[in-house]
Amino acid sequence: MTTELDAEQEIQRFQELTGRLKSELHRVIVGQDEVMEGVLIALMAGSHVLLEGVPGLGKTLMVRSLAQALDVPFARIQFTPDLMPADILGTTVIEDTPDGGHRFEFRKGPVFSSIVLADEINRATPKTQSALLEAMQEQRVTIGGTTHELGSPYFVLATQNPLEMEGTYPLPEAQLDRFLLKIVVRFPSAEELHEILDRTTRAESSEVRKVLSGPDVLSLQATVRRVPIARFVQDYVVRLLRATHPDLEGAPAAVRRYVAGGASPRGAQALLLAAKARALLDGRISANIEDVRAVAPAALRHRILINFEGVAEGKTTDAIISELLSEVPAAPS
Amino acid sequence: MTEASSQTALLSVIRAGRRRLVLRRALHELDTRLAPLCPLLALGGGALILSQQVLLGRLVIGLGLAAGLITIGLSLRRARLSEALSAALDESFRGRGALGSAVWYLEKGPRPLDPFQALVVAEASAALSNFDLKEALPLGFRIRHGATLLSALCLIALASVSVEVPSSSLARLTPEWAQVGAPRLPDQVFGASEEAPLAPEALLLEARELEKFLESASPDEGFERLASLERRLADAELDRQRLIEELVDRGNKLAGKGPLERLAASLQKGDLEDARKALEALAERLSDPKQTISKEELAALRRAIERAQAEVPEATGQPEAGSGASPASAEPSSRETGEAQEKDGESGAQREQNAKQGRKLERLGGRGSEKSQARRELSELDRQLAEAMRELQQDRESAARKFAEASETMGKLAQRELTDDQKRELLEALRKMKEKLQDKSRPKEEQQALDEFRKRARGQGDESSEEEGRQGQGEEQASLTVSLEVAPESALGQGSEGGPGERSAEGNKSGSGTQPGKEHSPELEGAATAALPTQGGDRVSVAPSQEEGGDQARAVAGAARRGFTSAEYRALFQEYDSAREEALERDRVPSGYRTRVLRYFELIRPQAPVESKRP
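So the sequences go chain by chain: A and B.
Position 297 (the first sequence) corresponds to 297 in this note's numbering; numbering is contiguous.
To convert a position in the second sequence, counted from 1, into this note's numbering, add 1000.
Check each hint, because a few of them may be wrong.
List of simulated lysine to any residue pairs, SDA-like, C-alpha gap at most 25 angstroms [claimed, not checked]:
1) Lys-1108/B - Pro-332/A
2) Lys-1134/B - Val-328/A
3) Lys-1108/B - Arg-231/A
4) Lys-1108/B - Asp-235/A
No wet-lab data here; the hints were simulated from the structure.
Note that the structure is predicted; figures quoted are calculated from it, not measured.
The shape of chain B in the complex, shown without the other chains (with noise of 0.2 angstroms):
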């Protein structure tokens, strides 16, 4: 090996060795005094931008990371990387070699080099073949320190993730949520649209999610969650009456003597149950060749699904009568809000406009297209049906296998429906964590008395129940008495409201009931109409005078023997839902008040005219 090339690997290997210093002297700045900081600002930043200080949150981050970075820079400006180099491949062969001392003479020795120094580079050269740089300079990442930093690299990962929000999700966020910027939890949590109804099992879980998340969370965010479960809660339970009372249309339109009988029997009950047997039964009648069928049976049959299908245009894919928008027409214009809120530069008042418009569309569209899961199910079970008609005058078995799906798509409706322990444990549920919330939000010494005066009430006894009962029912009438008559609705609980009763002010009705009232309160007449001015004169503009407050009491009153289907108590629910609508439009409703009066609303509409339809 000639000098030259000896010296040009010797100066190749301090080339790189000085890399490998750097990066070793880098990582000891951050094993070392980095160490304790470096986990200290990404805790805090990440907490900062969990609790909504994104920008805050990013600041600490990056403040930290500057920091590192200049105290990195520091140190490998203040390391005098040639004689750290030199020293450190002279202790990696313990005085085996002169590769240490090669170096530094290459690097820093007089030029030319002594002879003895020549020598010494051309020694080390020569047991450069057996040289592993790696070995020589290990970086000496200490596992302890290590792992705190990795930890900390870790968390600033996971803040920088959770940071960037894809804007699919954005669009996916309804407005109010862009507006508060609040927290979002996983889509698996909370679904991806706030207002889509959820399955049983989903609304469950999220209850029991919500529950572990109000631990953490200030009690706004807390009350904001609950409310969206709450109104979502109502809706579900509002769709499956809907479809309980489609269903028994259905069961009305399939009444009569025949392979359907079964079936039109359970829908007629709503039970959907007993209506999937129904229809698992008549299926298997059919694949069984053995088994005969009459014509009259067909005949019957074809009447009663023909019947079936003249009145259900929606079976079709047609819009719903009556709805004023078809879910059809309201998906794409929700679709298009979407897509608008995903266009750059767009305005946060466009933006704005459009989730109002959005939202104004659903509600005219009924229940919205994404709502109505319910619905398509019961449009699928009508096609299935049709379907199987069809089959049945050409090809029995395949007959056969259409009532077997709409059998399974039977079973899914029912599915749908929450027991009466699901719904027990999510009211149980909700209640709690409204009094943890209120708990929270309380001064100490407001809590401290609650907590003396609950203590004092559990000393009572059990007299609750019955108690708890008419107490519920003294603050109904203070709004609308009507509410317990509507209602297996009821069920899910009013309980909470402990405000205006006249009976009890401090009630706290539990919602234990799962059946609809027999009778109407005593009070009924009258009390009620009194009772709105007073509540809420200054906010809705229907501002009944002592006679029309007469009128409306019996329209009412009559609503209420009659099933709330009459004329005159649609008339009178119109007027006062566009007044219920203008006032949430117009004032700022807390959310949960919001939601209070949306449920309030459903639960007294008018019901459909059930009868009138039978053929």
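Only chain A is shown next, with the shape it has when bound in the complex (with noise of 0.2 angstroms):
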């Protein structure tokens, strides 16, 4: 039975490990502590994100250095549009066995891996998105009648560039709502430019150690999931959820007018997880409203859609979030 002294070392043995990991990708890194919180905070609740922006914004370089600190297997998937979904979840193969007879193999694909890159998601078609869908909610994969199950850890980092681009293929909204987190990766500042600029021209480069194994992040996530969680924050994920639907009481105005959906209750987990790890990762023992607050725009604005009012008037998710999170009150009323 695990006793206080024993949640203390636990609670210290992850602050340790996370600021290895922290240092380490900071190595390669420049600035964008807001994206590496978000990744961090994603794979420590154990769920998978999703990165927006354009390309050159480093998320490839983040994701690529994130699988390098972790001792895992990890693989790349460069999404297009003739891409198929057997490319990413694997097929079956005939083989020649040693008596001279043929036999199916089934060749896993790179989805089996522990993390998985998803570059430019949505530069594939929907068909070849969806497949994804059964290994980032069930992390099993079922080809052929024949169920496989995929490692743990289980890590899916998705990148995508802006709708508005050229040939690009919106995510569908159940794939969308797998993860954890939708992150926008911003431009990085003046100073970031410059930091970038000298670690990535000079002749020596940063290589990323690894810093975790795979049972370190299993770990990590298990003490994520223990971390309390008192009611009355659970209470106040209930009503900012509940007031994502423009159908239901105590919605805003704002959502009201221009929400066609609200988040689905993976949200409401979404925001206690994502809670949870945020806290253990800023060195509190207990997650609480602030901390909800801040993962609140990560964690709904992939689950909230816009209506068509709300589109022509150029409503964005974001606005709409910040909105909510000013109208409902930390207190029940």
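Join the two chains, each given in its own frame, into one complex according to the hints.
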């Protein structure tokens, strides 16, 4: 049975390991603290993350660096319009047997790695994008009637370009909902740009060392789940989530006017888990309302559907969420 | 810090936090839901109280308060205080601590606490040293609604205070006021005693205040107040007349050659200011060692003052001759009446009886003890003169001081007189107020007709003054024509009685005269007497026959010629006065009319035969 001392040690270990991981990533990644925090939150929460930004902002570098820092199998899938689901999941081929016969053999696709980088995921067709659905949610793949379990930890990091760009396919809602967070990668500041140039244009390059093993990651994820959360915080999460639905009581005016569909219960799970992970990464034992507020934009922005009027008026989900956060009180009325 | 002690510290924070949260919630409810309700109820209740519906007003305020308490109670019952407290504490730290969660775990968490929860509690307890509950849970009372609520509370307090009338104030209320439950204006406006005559300045002030009050009061209240003011105005004027008479009497006694010659002459003329100056001059003369005063002068001075003192018993505190009861005896009686009113359990009927008894005593005692401020000052003047005389035989300087004091007293007496301007202002104010009240109480159609009439009347030019005088004269004839003869008092204006005048029933005499009338009306004989039975025959028990009417008319005419001092007129007046008293006691005469009757009889009261008292 876990004692208070064990709990304290567990938290200390969490902070030590995540501290090492952060410092290792910082050797390669310049700035982008918000993105890195989001990625780590998703990793510690045991879920997936979608990074959105224009090409060249270091999304792929970050994911690759993370994969290098973790001593786990890593695969990168470059999504293109002609990419097929089998290219991701794997395929069954006919192999010769030693006795001269033939048999069907399943060749695993890149999805079977522990860390999967789905680069420019919105460049593939929705059919191919949907190939990841089962893997991301169930951590298993069913091909030809046979179910194949994926290993642990399992972490999908997808990047996508903004939808306005040519040759992109919007991700289906069901697919989007599988991502714990959607992180928008901002353009670096001038100082960060200088640092990027300094680091990337000289002869020597920084190599990322492996600092965490697969089991380490799993234990960190277990610690996050043990972080207690008070009922009033959970109550806030519930009220916040219900407020995203225009047809439910308590929805702010902006939601009622501009939102077509609110977040699913998976959104509440995402809020709570992300809040817990954030609290731990911040060195606190207990998640509070402020943690929920901090992760709400990343956890909800891909789960809220703007209606036609909202699109026409240029409303963004971030603006809606901002209004939600200001309208929903921390304490019940 | 041990686990137990840390939990104890946190629990105390929880208790204090809950109390503060309850207060905050109550204020919030007041601030939002009850904000529009409170001022309305307070205003309604206050208005009802001010309009003498005290019980109803209290009920409204009570209902408002009860509704407020119930609303707050229900909101607190609905409020999930544990969640609210934890969330509020959590909010206050904005993610920097875990106090909110710790409070939650302690209040609602499982027992024993999960190791992680226990860690949270321990961490929060350690951070308590820097914790300030007031900072963490501000009451959040917004200014906008706060101001509204504050005003509501002030109104409630005001209404409550206005309900609490001190028993001493109740005792001072005259029975009429107590019976009708009329609203009281502050003492400085109406005076502590309603019947007490006021100083001229106070009368003017009261008239101005009354004008403001009448704008918001009902016509009945207005007439009541107006009648009260008129009554005291008449009393004040009568007081002044009596004072002048007595001073003239003093002047007669002091008359003769000597240092007091000028003083005597001034008093005989009724010129109080000049009398004051005479006394001042005498005091200066005595205080100046260079000026001599002969033995003859001293002897004359002594003789004059002794003469004056010998015939003025009240100066030494003796009861006033012929008044039936002394002010000294009337004063305790009225005081006893007041005390009796304060006693708990005394019935209203008993109180009324006491009040009637008090009024009777007051009437019997002449002007009543509290009314005779002028008389007291006159007594003080006599005393100072007597002392000055005594001092004169021993210490000249001390005598000079006494004369100077007497001069000051004389100055006070002079100040009690209403100036002509003040009279005019007061009369004008009263006339306007009466008009306003009449307008107010009149039906709309009648009011419109009257306005139209006034408009047309204004368009007729300036012929009013002479005409009005004639109209007023005619009116007086209808009752008792002698009043204009009586009359410096006629200057106070009977003018508004636009009734049964023979020449003009529409007359509105403005009372512009300041001197007594010089001649009688040609219709004096007979006509006035004939008018009496038709006017008041059903109320006044005196129903003169045709023969008696002639005698009475002759008595009145003769009295008028001799200045109303004849024994015949005195007997006639007593007969009428007793009839008047009976009628007023018996019948329910409206206050305004009662005042007029009383005042009228004061005006025609027989005068003292001054000449007969001359030495």
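Cross-check of the supplied hints:
no.: 1; hint: Lys-1108/B - Pro-332/A; in the structure: holds, 16 angstroms
no.: 2; hint: Lys-1134/B - Val-328/A; in the structure: holds, 24 angstroms
no.: 3; hint: Lys-1108/B - Arg-231/A; in the structure: holds, 9 angstroms
no.: 4; hint: Lys-1108/B - Asp-235/A; in the structure: holds, 14 angstroms
Hint violations for this structure: none, all hints satisfied.
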